[in-house]
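Q: Residues per chain are reported as follows:
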Amino acid sequence: MDICHVVILDVLHKVNGSRRSSGIYYILTGKKTSQSLSDSQWFGVEHYYAALKGLTYADFTEKIENLLNEKWVTSIEDQVYKVSRQGEQVLLIEKKKLSFLKNLNGLKYTSIESLCWHVLTLYVQALSNSLYGNLEYSPIVRDHRAVQKVKSIFPRSKTERKEKAESLYREMSQLLLNLDRLSVDVFVRKLSGYNRIGSTFEQIARETDISQRETILRFRSVLHAIIYNSVVKHQEFPVFHSLFCSFTDLPALTKSALRTYEMLNNGKTLQQIMELRNIKASTIEDHLVEFAREISEFSIHPFIDEEEIQEVKKFYNSTKENRLRPFKDAFPHLSYLQIRLVLAKEGGNYAAGSSA
Amino acid sequence: MQLEAALKQLYDFSEFRTGQREIISDLLKGHDVLGMLPTGTGKTLIYQMAAHLLKGRALVVSPLVSLMQDQVDQFKQAGFKRTVALNSFLTHDEKQAILKQIKDYQFVFVSPEIIQNPFIRSILLSVEWSLFVVDEAHCISQWGHEFRPFYLDLAGMKKEMGKPLCLALTATATPKVRTDILHHLDMNDAKIHVHSINRPNISIFVEYFEEYEQKFERAMKLVEKLKGPGIIYTNTRNAAEQLVMLLQEHGVNDVAYYHGGMDPDERLLVQKQFLQSQLNLIACTNAFGMGINKADIRFVIHFHTPSSIEGYIQEIGRAGRDSKQSVAILLYHPADLEIPFHFIDHELPDAAQIDYLFSDHMQKDHHTFSEKLQLAGLSETGYRFMEYHLNKNGLLNKSGISVDEKTAFKLRLKQKIEQRKAEKIKSLRMIETWVTDIDCKRKGLLNYFGENEFEQTDFCCSNCEAEISFFYGSHDQRNTFYEHWEEELKRLFRQEVYKQA
Numbered sequence: 001m002d003i004c005h006v007v008i009l010d011v012l013h014k015v016n017g018s019r020r021s022s023g024i025y026y027i028l029t030g031k032k033t034s035q036s037l038s039d040s041q042w043f044g045v046e047h048y049y050a051a052l053k054g055l056t057y058a059d060f061t062e063k064i065e066n067l068l069n070e071k072w073v074t075s076i077e078d079q080v081y082k083v084s085r086q087g088e089q090v091l092l093i094e095k096k097k098l099s100f101l102k103n104l105n106g107l108k109y110t111s112i113e114s115l116c117w118h119v120l121t122l123y124v125q126a127l128s129n130s131l132y133g134n135l136e137y138s139p140i141v142r143d144h145r146a147v148q149k150v151k152s153i154f155p156r157s158k159t160e161r162k163e164k165a166e167s168l169y170r171e172m173s174q175l176l177l178n179l180d181r182l183s184v185d186v187f188v189r190k191l192s193g194y195n196r197i198g199s200t201f202e203q204i205a206r207e208t209d210i211s212q213r214e215t216i217l218r219f220r221s222v223l224h225a226i227i228y229n230s231v232v233k234h235q236e237f238p239v240f241h242s243l244f245c246s247f248t249d250l251p252a253l254t255k256s257a258l259r260t261y262e263m264l265n266n267g268k269t270l271q272q273i274m275e276l277r278n279i280k281a282s283t284i285e286d287h288l289v290e291f292a293r294e295i296s297e298f299s300i301h302p303f304i305d306e307e308e309i310q311e312v313k314k315f316y317n318s319t320k321e322n323r324l325r326p327f328k329d330a331f332p333h334l335s336y337l338q339i340r341l342v343l344a345k346e347g348g349n350y351a352a353g354s355s356a
Numbered sequence: 001m002q003l004e005a006a007l008k009q010l011y012d013f014s015e016f017r018t019g020q021r022e023i024i025s026d027l028l029k030g031h032d033v034l035g036m037l038p039t040g041t042g043k044t045l046i047y048q049m050a051a052h053l054l055k056g057r058a059l060v061v062s063p064l065v066s067l068m069q070d071q072v073d074q075f076k077q078a079g080f081k082r083t084v085a086l087n088s089f090l091t092h093d094e095k096q097a098i099l100k101q102i103k104d105y106q107f108v109f110v111s112p113e114i115i116q117n118p119f120i121r122s123i124l125l126s127v128e129w130s131l132f133v134v135d136e137a138h139c140i141s142q143w144g145h146e147f148r149p150f151y152l153d154l155a156g157m158k159k160e161m162g163k164p165l166c167l168a169l170t171a172t173a174t175p176k177v178r179t180d181i182l183h184h185l186d187m188n189d190a191k192i193h194v195h196s197i198n199r200p201n202i203s204i205f206v207e208y209f210e211e212y213e214q215k216f217e218r219a220m221k222l223v224e225k226l227k228g229p230g231i232i233y234t235n236t237r238n239a240a241e242q243l244v245m246l247l248q249e250h251g252v253n254d255v256a257y258y259h260g261g262m263d264p265d266e267r268l269l270v271q272k273q274f275l276q277s278q279l280n281l282i283a284c285t286n287a288f289g290m291g292i293n294k295a296d297i298r299f300v301i302h303f304h305t306p307s308s309i310e311g312y313i314q315e316i317g318r319a320g321r322d323s324k325q326s327v328a329i330l331l332y333h334p335a336d337l338e339i340p341f342h343f344i345d346h347e348l349p350d351a352a353q354i355d356y357l358f359s360d361h362m363q364k365d366h367h368t369f370s371e372k373l374q375l376a377g378l379s380e381t382g383y384r385f386m387e388y389h390l391n392k393n394g395l396l397n398k399s400g401i402s403v404d405e406k407t408a409f410k411l412r413l414k415q416k417i418e419q420r421k422a423e424k425i426k427s428l429r430m431i432e433t434w435v436t437d438i439d440c441k442r443k444g445l446l447n448y449f450g451e452n453e454f455e456q457t458d459f460c461c462s463n464c465e466a467e468i469s470f471f472y473g474s475h476d477q478r479n480t481f482y483e484h485w486e487e488e489l490k491r492l493f494r495q496e497v498y499k500q501a
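Sequence lines, in order, name chains A and B.
To convert, note that position 117 of the first sequence is 117 in UniProt numbering; the numbers rise steadily by one, no gaps.
To convert, note that position 60 of the second sequence is 60 in UniProt numbering; the numbers rise steadily by one, no gaps.
Honestly, the hints are just simulated from the structure, not real lab data.
A couple of the hints might just be wrong.
Said to hold, decoys possible - Simulated restraints on C-beta separations:
id: 1; chain 1: A; residue 1: 207; chain 2: B; residue 2: 383; range: 38 to 44 angstroms
id: 2; chain 1: A; residue 1: 207; chain 2: B; residue 2: 375; range: 42 to 48 angstroms
id: 3; chain 1: A; residue 1: 95; chain 2: B; residue 2: 335; range: 48 to 54 angstroms
id: 4; chain 1: B; residue 1: 224; chain 2: A; residue 2: 210; range: 27 to 33 angstroms
id: 5; chain 1: B; residue 1: 483; chain 2: A; residue 2: 319; range: 54 to 60 angstroms
id: 6; chain 1: A; residue 1: 210; chain 2: B; residue 2: 453; range: 58 to 64 angstroms
id: 7; chain 1: B; residue 1: 371; chain 2: A; residue 2: 57; range: 26 to 32 angstroms
Yeah, the Cβ is synthetic: ideal placement off N, Cα and C, and Gly gets one too.
Could you build all of it, start to finish, from the sequences and the hints given here?
A: Okay, structure coming up:
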């Protein structure tokens, strides 16, 4: 079974008919809109955000057709699908085989994964070659920022290099031993070092006899697990942490939202930011929702009272409602922004349970 | 002898290759130089050494971004760390960072387009340059096979830089093109060093096919028999991928394709794998090669006929840089040139596109040409061509141009386009004639570049009865087998060795 089918089926299952398939396509291909960002969290599918990067819409609809033909999903209205009983069973079985999918962390890491990978692979290549005394290797990464990063942290003395190699080897083995063999195999084949340039996804797919899409997802699942552990268990993984910390410390915001966040921190008011940047109120609102979701220190209290926050949460818990409209009907005195802020702030806890 | 000492010190070589010494020496004496050196004879060494010995900074104009990156890599690997490329691939922040430290660089690679940017240009002009290098200088001539209009403005740049020493380099310029280079770069008193394009260690084979499909069979057989590493050039990305798939189906695994449509990370891996001899064969479009410095390439197969003799010379020139006997094999089918012929019509703007650009509703909407260019659906080359000529005539961002002015300009443009097309068609006819000619293949190529005499070589060409079987053999397989991830991690970080020690 094509891995795309499993992923799409899983997302359709969690969204449970609350969004059109185009909305699901945007989540899976990682469209950077407030809607896709908050939806992915809202429905507890943030790990799948950007999982099928580069999939064309035509291919996507074809996959949906396949699912319909297999009777794993049914169409409840135009472009809206629910997973059938049969589909649920298939999903359960397939997901067991693809346990690595749970290590994906798309929403959090899509914006930094490529930079993190460039730093890691270049660092390993440089270290490995220096350990064997080969100074004339040709770097496999050109990304300027990654090169600068590796330069700035690369150990200077031979002793230091040996120490770092030992630590990194230990960190990597420890982490990889806890992941599934096939994904780890894909990941290590991708690394370059002394006397071996890493393989392309196409080569790995051929060598391991899995699809290229699956190869990429397996690779990313390992990469995401490494980044995740470098943050959460930074004491256990000091080398990983030193490679990624300058990227993982930044909140994962869209570029435009990051600008707004910086200006806000510099004491500008929302009104001033709108004027200075010549952006609409709705854009600023989207940014605020992003902050609520991504930045734990960002308080939504200036925008809504604690009492009302609790009311909205309560309503969510009793109804498991996933659409904004019913919230607005229940709390006509609250603005959409206020409701969205609460849901974004609490989304992680609540939306994750929404599929149960 | 001082130069030899520097050569030894910088590169640990004891001898210069053809032409290198004379050109460096002329530069050091303060002469501008036009150098035509055969492919693969180390043109970069010339300006590396010259800049080093002049203790100055060099601005290098290079036509292809991908080539630039390779050159920067090679410069750094050769120990010239203060090298950088300014091109459109950089983000705004990266460009800023480089420009801020422009003083710290010794070699700056630029495209002719990027120095049109007034801001970048002003920063470049704020520092002193001792050397202005124009690489692939044939791009300056509209008679050259890769005409790039913005090359025509380099003389202006040179002047604004305060006329530093100028070095124009090419591997493939006919006498007519060489005159053009001197003229357009304003190099009146330049020393001219022209060397034969002949590469005696490359045998030249042309094979004819009546059925296109037969070429696949032949290519498979050649790859199986020939001693590698090798390159197969195709006209299309599709054909490159198709060949690789066929080879893999036949159990040949150390092959990969390479073309402009690939993800840049993956493409770079393929390139480095080939350089490391992890791959024995690359199937590629002409996007691959210019900057590839691999000495031991034993064969170059052309699956399609290239669109010019110059292009062909460049591509076969990737073989045998270690001076060992190598072979170039062209698989010819009469339909080969249909694609390039077709391409000529689409490369430059056609009548409809020109008419659109000059159409009248433009004035009503107050569009400038600059805005309209985006909408005309031009090819990349066509876009550059139009942009250049509009800019040159001060029309690019002007509105309210008179009808007379427009009509006159339109006419001139159409003439220019027709001229360029005629030139391209002629160049296709030339290679077609050369392919089908029964005379010595080497002689045909040399004549094209105005050379009439050359030494007879062994294994000359298919028309001089050379035997292709001479180039058969097995290649040395490099042991890069990957066994198990735990073993591979240990190897990468050299863990076992440490434990023993």
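Q: Next step is simple, just say for each hint if it's right about the structure.
A: Hint by hint, here is what the structure shows:
1. The supplied range of 38 to 44 angstroms is met by residue 207 (chain A) and residue 383 (chain B), whose beta-carbon atoms lie about 41 angstroms from each other.
2. Range check, residue 207 (chain A) to residue 375 (chain B): Cβ separation about 46 angstroms, and the 42 to 48 angstroms hint holds.
3. Checked against the given bound of 48 to 54 angstroms, the beta carbons of residue 95 (chain A) and residue 335 (chain B), roughly 51 angstroms apart, stay inside it.
4. As the Cβ distance of residue 224 (chain B) to residue 210 (chain A) is approximately 28 angstroms, the hint placing it in 27 to 33 angstroms holds.
5. The hint said 54 to 60 angstroms for the Cβ distance between residue 483 (chain B) and residue 319 (chain A), and at roughly 56 angstroms that hint holds.
6. For residue 210 (chain A) paired with residue 453 (chain B), a C-beta distance near 60 angstroms keeps the hint of 58 to 64 angstroms intact.
7. At about 29 angstroms, the CB distance of residue 371 (chain B) to residue 57 (chain A) agrees with the hint of 26 to 32 angstroms.
The earlier numbered hints are all upheld by this structure, with none contradicted.
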